[in-house]
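Number of protein chains: 2
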Amino acid sequence: MDEIKIIDVKASIFSDNDREANELRNVLKKSGTFLMNLMSSPGSGKTTTLKALVPYLKGMRWSVMEADIDSEVDTRTMRQAGVETIQLHTGGMCHLDAEMTRQGLKEVGSDKYELVILENVGNLVCPAEFDTGAVKNVVILSVPEGDDKPLKYPLMFEKCDLLIVNKIDVMSCFDFDFDQLKENAALRNPEIEVIPVSAKTGEGMDRVAEWLFNEMKEWGKGE
Amino acid sequence: MDEIKIIDVKASIFSDNDREANELRNVLKKSGTFLMNLMSSPGSGKTTTLKALVPYLKGMRWSVMEADIDSEVDTRTMRQAGVETIQLHTGGMCHLDAEMTRQGLKEVGSDKYELVILENVGNLVCPAEFDTGAVKNVVILSVPEGDDKPLKYPLMFEKCDLLIVNKIDVMSCFDFDFDQLKENAALRNPEIEVIPVSAKTGEGMDRVAEWLFNEMKEWGKGE
Chain A
0 MDEIKIIDVK
10 ASIFSDNDRE
20 ANELRNVLKK
30 SGTFLMNLMS
40 SPGSGKTTTL
50 KALVPYLKGM
60 RWSVMEADID
70 SEVDTRTMRQ
80 AGVETIQLHT
90 GGMCHLDAEM
100 TRQGLKEVGS
110 DKYELVILEN
120 VGNLVCPAEF
130 DTGAVKNVVI
140 LSVPEGDDKP
150 LKYPLMFEKC
160 DLLIVNKIDV
170 MSCFDFDFDQ
180 LKENAALRNP
190 EIEVIPVSAK
200 TGEGMDRVAE
210 WLFNEMKEWG
220 KGE
Chain B
0 MDEIKIIDVK
10 ASIFSDNDRE
20 ANELRNVLKK
30 SGTFLMNLMS
40 SPGSGKTTTL
50 KALVPYLKGM
60 RWSVMEADID
70 SEVDTRTMRQ
80 AGVETIQLHT
90 GGMCHLDAEM
100 TRQGLKEVGS
110 DKYELVILEN
120 VGNLVCPAEF
130 DTGAVKNVVI
140 LSVPEGDDKP
150 LKYPLMFEKC
160 DLLIVNKIDV
170 MSCFDFDFDQ
180 LKENAALRNP
190 EIEVIPVSAK
200 TGEGMDRVAE
210 WLFNEMKEWG
220 KGE
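In the order they appear, the protein sequences are chains A and B.
Counting in numbering that gives the first Met the number 0, the first sequence runs without a single skipped number right up to 222 at its last residue.
Counting in numbering that gives the first Met the number 0, the second sequence runs without a single skipped number right up to 222 at its last residue.
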């Protein structure tokens with residue numbers, strides 16, 4: 000196992016995160032790099048979902064940035080799955096802003112890739128407040144967390160384009176109403192797509208891959 | 000069902016949260032009110048754990064403050080369980096500070112109670128950064144979240160006195176190593192107590208109640 004270099008990213012000293020995020024999107028557009036921002040609570044299965052995507056992304060030039068407050072557990076996992084991955088540490092911060100994302104992309108050498116996935120810090124609140132420069136935002140909610148989460152954490156569901164409902168293989172162990180979840184999510188964001196998966200068994204991952212390919216294609220066509 | 004009044008709490012305009020937290024602890028000490036701060040990720044089972052504590056707290060004068068960004072789902076649940084509960088809204092903020100807690104306690108009329116439990120915003124990062132004025136801090140980690148969380152979210156485990164490991168009834172559905180979790184938690188905080196429970200079935204809740212009674216007794220004796 001090669002040694003994992005830790006990239007310590009620093010929040011922007013400027014106040015205009017939205018402007019920085021738009022600039023970053025322009026830069027990514029020029030190199031044809033699609034940036035996807037993946038968010039969720041701790042333990043919802045962000046890394047396991049990325050691992051389950053690996054077989055669908057064969058032949059694609061892609062890379063992952065793992066953001067954590069501490070540890071390099073997830074980078075180790077992704078590298079074992081054969082994915083080029085770097086580890087960002089946020090110095091205690093609960094989210095990534097556009098400047099931190101830019102620092103990570105520079106380290107990655109993002110212009111080499113068609114797709115870079117940012118796995119954000121596990122947190123259903125703060126990451127939603129900061130545009131990272133991503134083309135699309137995706138949230139994972141896992142079945143054990145409960146179907147009421149869009150009611151309590153509205154901004155995350157407002158900001159995301161896709162809601163992946165993970166751990167459906169353990170649905171029978173929990174009081175989880177999938178239709179109620181869809182209803183709660185639609186209250187926050189009528190446009191949000193919802194795909195149920197089990198990252199563990201692989202069920203539903205074909206639909207996630209299909210969603211991603213479509214979004215990449217649409218974005219490639221765009222002005 | 001009586002109407003739920005929403006208390007909008009505002010963050011302190013002063014910078015010295017630690018001083019405000021200490022002052023609040025002094026005030027609570029005078030009225031003999033033990034404040035416990037309960038934290039976890041979204042969906043780890045804070046409210047369900049509090050509900051499971053109800054039978055053990057019969058005869059005690061106690062009250063709950065539910066903090067959320069939005070909704071009053073949890074307050075409704077606790078009131079249905081017969082517990083005096085108020086709902087705090089944080090105006091989008093990801094945590095409570097001492098001043099927000101003080102506003103809540105004032106609304107509760109905390110000097111009437113021996114015990115007030117603050118259910119913090121569901122977030123494993125930011126709430127750990129702010130002393131609320133509580134005598135003891137408790138974190139819940141649920142089995143589906145995984146045993147590696149103390150490695151990724153160090154501060155929460157450093158700051159807490161008790162780690163409740165919830166949802167042990169579904170242990171067999173997940174790759175969760177309880178001994179590994181204890182080891183990871185001890186790395187962050189060798190003093191932390193760890194109690195496995197199922198808030199759903201009630202298993203282990205007697206130990207949580209016993210821990211709480213002991214802490215309240217010790218605190219009552221203290222200078």
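Calculated from the structure, these hints are not laboratory results.
Certain hints may be false.
Any copy, or any two copies together, can satisfy a pair, since identical chains are not distinguished.
Claimed, not checked - Under the rule of at most 27 Å between Cα atoms (straight-line distance), these lysine-lysine pairs were calculated in the BS3-like manner:
no., residue 1, residue 2
1, K181, K199
2, K9, K158
3, K181, K111
4, K111, K29
5, K216, K57
6, K199, K111
7, K9, K57
8, K105, K181
9, K29, K199
10, K28, K111
Each hint tested on the structure:
1. Taking the shortest alpha-carbon separations for K181 and K199, both the intra-copy value of 22 Å and the inter-copy value of 24 Å come in at or below 27 Å.
2. For the homomeric pair K9 and K158, the shortest alpha-carbon distances inside one copy (23 Å) and between copies (24 Å) are both at most 27 Å.
3. Taking the closest pair of Cα atoms, K181 and K111 never come within 27 Å of each other, the shortest separation being 37 Å inside a single copy and 42 Å across copies.
4. Taking identical chains as interchangeable, the C-alpha atoms of K111 and K29 lie at most 27 Å apart only when both belong to the same chain, with a minimum of 12 Å there against 64 Å between chains.
5. In the homo-oligomer, the alpha carbons of K216 and K57 lie at most 27 Å apart inside one protomer (17 Å), although the nearest pairing across protomers, at 61 Å, exceeds that limit.
6. Proximity of K199 to K111 under the C-alpha cut-off of 27 Å is found in neither arrangement, the shortest distances being 30 Å within a copy and 50 Å between copies.
7. Taking the closest pair of Cα atoms, K9 and K57 never come within 27 Å of each other, the shortest separation being 33 Å inside a single copy and 50 Å across copies.
8. Taking CA atoms no more than 27 Å apart as the test, K105 paired with K181 passes in neither setting, with 37 Å inside one copy and 38 Å between copies.
9. Within a single copy, K29 and K199 get their C-alpha atoms no closer than 36 Å, and across copies no closer than 52 Å, so neither meets the 27 Å cut-off.
10. Taking the shortest alpha-carbon separations for K28 and K111, only the intra-copy value of 13 Å comes in at or below 27 Å, while the best inter-copy value is 61 Å.
Going down the numbered hints, you'll see the structure goes against 3, 6, 7, 8 and 9, while the others check out.
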